[in-house]
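Keeping the supplied structure of chain L fixed, place chain P upon it in accordance with the hints.
What follows is the residue order along each chain.
There are 2 protein chains.
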Amino acid sequence: MPRVEFFPAGKFTIVDESTLIFEAAQKAGVHLALPCGGKGTCKRCLVSVLSGDVVRFEHPPEDSPPSVVLACKTAIGQKDCRIQVQEWDFTNYDVDESYDFCDKKFFHNELLKPLVLPCILKVPAPQLDDGKSDVDRVNGELAKIVQVSSIHWPIAVLRMLPETLRTEQGRMLTLVYRSGDHAHLCAIEDKLDKPIYGIAVDLGTTTVSVALADLLSGDVVGIASGYNEQIICGEDIISRIHYARTQKYLLEVNSKAISTINRLISRLIEKNNISPNNIYAAVISGNTTMMHFLLGVTPEYLRLEPYTPAFYTLDYVFAEEIGLSINPHAIAYVSPAVGSYVGGDITAGILCTDMYNESGLSLFVDIGTNGEIVLGNRDFLFACACSAGPAFEGGGISCGMRAIDGAIYDIEFNEEGEMVKLDVIGDAIPKGICGSGIINILSKFLQRGIIDRSGKFVENAQNPNIKREGRKARFIFNTGYEGLPDAALFVNEQDIENVLRAKAAVFSAITTLLEFAGLTFADITKVYIAGGFGKFLNIDNAITIGLLPELSYEKFTYIGNASLMGSLNLLLSEKARTLQAELASKITYINLSALSNYHSQYTAALFFPHTNENLFPSSIKKITAYRKMHI
Amino acid sequence: MPRVEFFPAGKFTIVDESTLIFEAAQKAGVHLALPCGGKGTCKRCLVSVLSGDVVRFEHPPEDSPPSVVLACKTAIGQKDCRIQVQEWDFTNYDVDESYDFCDKKFFHNELLKPLVLPCILKVPAPQLDDGKSDVDRVNGELAKIVQVSSIHWPIAVLRMLPETLRTEQGRMLTLVYRSGDHAHLCAIEDKLDKPIYGIAVDLGTTTVSVALADLLSGDVVGIASGYNEQIICGEDIISRIHYARTQKYLLEVNSKAISTINRLISRLIEKNNISPNNIYAAVISGNTTMMHFLLGVTPEYLRLEPYTPAFYTLDYVFAEEIGLSINPHAIAYVSPAVGSYVGGDITAGILCTDMYNESGLSLFVDIGTNGEIVLGNRDFLFACACSAGPAFEGGGISCGMRAIDGAIYDIEFNEEGEMVKLDVIGDAIPKGICGSGIINILSKFLQRGIIDRSGKFVENAQNPNIKREGRKARFIFNTGYEGLPDAALFVNEQDIENVLRAKAAVFSAITTLLEFAGLTFADITKVYIAGGFGKFLNIDNAITIGLLPELSYEKFTYIGNASLMGSLNLLLSEKARTLQAELASKITYINLSALSNYHSQYTAALFFPHTNENLFPSSIKKITAYRKMHI
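So the sequences go chain by chain: L and P.
14 is the number of the first residue of the first sequence in the numbering used here; add one for each residue after it.
14 is the number of the first residue of the second sequence in the numbering used here; add one for each residue after it.
Okay, chain L solo, but in the shape it has when bound (with noise of 0.2 Å):
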């Protein structure tokens, strides 16, 4: 059987004949991406082939060096192999984000209610004539805080039970978790003042946040986010779905959220130098396939017809069932979804909207890889999902990357449309773009003319930073920064269309939703934008390019991560909670793909900033301005 060695890891493996080479990289344990989910699609999976022999059954792109090879489409032969590959290294994506949209809404109005709640008990001693159980003197003052039918000991708990009530005279913290009429003892500790945490997680497609709270004082102690390893299992749900189509990898893409999670927990935990057993309640939130990801069960029939999730909620499950690195004990709690593609990441992002006690029309956009569209006020809410793509995460771009440090967020011209500057989040060397960046670039392109409304450069723009070599054109920014070779970072036509589909994709979802309501954009007053843009989103130019409507400025609020901000408010508060069951209950989900317009729809929006300009009539005159006056 061959051996297979990559390089520069220098991990190697023995395997059959006609293994898939991706294959042989995860045996060896080397993590190669694979956006398209392995059907060999998205030619992104390039390794070069140093020696030995392989089987192509999928060429790569063109222009590759003869070596290169699809992982996904290519096999070992009879030899053995030595291949050369781009590991990712997560934790170089990972940062701490700042608690700017931190709004803990409903915590300001109430008692602090967490999931897992805290609770310091003074049981009296045993007495000879009452003869009460140590549990039955428990669960007496228990009842005095939490009103339940009954209350269960795991025996773990139990065991150390006797000596815990001894140790402080009868003095102890239980930490309790409620469902409806029924209570669950996490644990019970002697040590009163012992800290107790808790976590909120938005399980992205994309870009993953946890945000670790105090669930004494309700503080949020920091916020970490990262990308999500399943990327390498292909870059949107559906090439996910494909990729886990077998128990094995359904298990790798399940292992693959929960080490992301348990990454970012890590960073946090090492930061604020605490122990990860104090951490006794999570809740987590995510689009529908990601949490069956998250819990390990095939999502295999979302994506067939009738869509069908295995579940929408669940009541609880225990940290230690999912593989959490917190407290074995802990609680999880799975945000629940309305559909098949409208997740608990919504039911837990509209808590941080009024949506739902308004008379007035109120559009929820969560621009993410799956986007997510709500729309209502306080008698109806309809939610519908599409998919975008990672175009706005920083995925999809050649040069795409996430917001932090290095990344491209603008650009800025001079009058006569040459390039001056370069707006780098934390005044860096450029590395990449992020989500914010491509949008605002593009804005400016447009409003410059050095690109046309269908997304192609201009054939007779005469900007020095646009290279053509034939048929392509690229824009390259890095002209002059140090140390950075030339042309290494740049927008061409592919990076333009993939986002030209993601506004399409939700743009057209807007217009969908609106038209099943029988509403226009004049009937709505507010606009909620979440997302991960963070404050480099300029709504102004998500207009422009078309992925925003085009209504005036103050009706619009830029809300950041709902989910995880719900998320955190869910953590904290009991009446979030109680509410958030409520609205996913009164959630209607509509799947677009079912109505007949919505792909009519998306062809209009295949344009900058659409082909019915009576819907954007101060951006055509922007875009138009500027070319009438230089070109």
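These are computed hints drawn from the structure, not numbers from a lab.
Fair warning: this is a prediction, and the values are worked out from it, not measured in the lab.
Mixed in with the good hints there might be a few duds.
Copies of the same chain look alike in the list, so a pair counts if it fits in one copy or across any two.
With a straight-line cut-off of 25 Å between C-alpha atoms, the simulated BS3-like cross-links for lysine-lysine are [as the list claims (entries may be wrong)]: (1) Lys145 to Lys599; (2) Lys457 to Lys207; (3) Lys539 to Lys269; (4) Lys204 to Lys261; (5) Lys485 to Lys469; (6) Lys24 to Lys56; (7) Lys434 to Lys548.
Below, chain P without anything else, positioned relative to chain L:
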């Protein structure tokens, strides 16, 4: 460090100097019996030191050979040792029990409603228009069968759902446990005709019995019983609590309870050729201390004033939490206790009676190593416990053994007072004396003038079987049996004293409880005798020795192992479970040791049949009749 080798097993270990021999044996995996729990008082953990040096902290019985030492009070010295031990093989004493007393009382009067309910569902196919998830549709069908407000899905079950649901077009078998308003889904299966079993367990101090039942038909498949492996750690409850005073030894006592149950389960599943995975429910009954050991919870505070148990009852535990070798997701139900020394074996046991329904006064006596008494009627129920020791289960007697093939259960004398026949179970070569045997034998001894009412051999009794050596006397049974060494089977005065103490404990508990209730023997209309005696118990002889009160014979009913039969009812019948919970809260636990007259009652009962002859007029007449004629 010295090396210690144990013979005949040939197992060895390396230990620190000064390690006690029994600890070295444990380390080497050699099981030594420590009837007193390692206190050095019972002098029965004798081993022979073949070579090496040891340090004796206490002396073995006077007549022991010089090489014999107490394993619990002798330490390894500096040199390597070779030690001869007598190891138990518990399986040698395991037997199948008949179903003679297997009264599925409640099941006769209601539909079969086992602890874990097997439900075959026909789940509707998913629909695009209602968008129900797999869980929604299963819960919808379950709601038609079990009325609960929430159903808990363990992730392991959820993971199987999408495929299970689609294998038989929505037909599937579910196994559901209901606790109040809450249900727990133990398993789902696409094999609709999968056999489903449950077990009922009587976890006795000395003897453990397991019944295997088919949960679909309610039929009992088999019953097996054997010694509790915990007897190695102490013969009675107090010795075992003493033994388990550190976490390490607590875990040992705990694991011996589990391995005893698992050993009997193995016997049943091998015999009946079923898979342990098909066992989904367990009801376990035992005294309060046993239940603490079962769950690995320290019983330390049960022996210290105010004798507080950690728990009386728990809603449920999972089989895998306690290590039962059945389906890991099976539910284990622990019978509720009512007092520090009156446990779930009694609340299960009285289900086999009608005492809680009747207006007349009933007495329930469960004779085991821990004796329990319940006195009452439909209006009140008083319960108390006493420590009888294992004499009635074949323990604490030089030649005691379980009531299995080879056990002497009775003895016959001719008119001349000569022993003419031994009645042996299975008509086998006698190997020992069982619990009912010792009762029958001592009753005959009394009636034949072989022992006096204080339990001593009568000085001038001219019986050829009595052998005297100095001040010690014994009655030898096995004269003339081929292959048995002379004098191998006997009863000595120490044995008789142990029985005297045991019967005094039980009888004085009865009288003290009656006195407490302001009642007399004349008020009793019915006496239920429970225990593992089997068909060889002779009520008449039990009265003659003063174990049971002298009431007219028709008032007595022997109901066998009521704890096991009650547990079977609990396994199969919801009505039994509801009734047990009601009874457990209705029973008043009386702590005998807190009553001033218990000790004097006990002392008064240390005489055959009793110091107060008025309580046993017929027995006294029987005892004196033969003596008047012959002596």
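Hints, one by one, checked against the model:
1. In this assembly of identical chains, Lys145 and Lys599 lie within 25 Å of each other by CA distance solely across copies; the values are 14 Å between and 46 Å within a copy.
2. Taking the shortest alpha-carbon separations for Lys457 and Lys207, neither the intra-copy value of 54 Å nor the inter-copy value of 67 Å comes in at or below 25 Å.
3. Taking identical chains as interchangeable, the C-alpha atoms of Lys539 and Lys269 are never at most 25 Å apart, the minima being 37 Å within one chain and 68 Å between chains.
4. Only between protomers do Lys204 and Lys261 lie at most 25 Å apart by alpha-carbon distance; the minimum there is 23 Å, versus 43 Å within a single protomer.
5. Proximity of Lys485 and Lys469 under a CA criterion of 25 Å is satisfied intra-copy only: 10 Å inside one chain copy versus 114 Å between copies.
6. Taking the shortest Cα distances, Lys24 and Lys56 sit within 25 Å of each other inside one copy (24 Å), while across copies they are farther apart (63 Å).
7. With identical chains, the CA atoms of Lys434 and Lys548 are at most 25 Å apart within one copy only, with a shortest distance of 19 Å there and 100 Å across copies.
Checked against the numbered hints given earlier, the structure breaks hints 2, 3 and satisfies all the rest.
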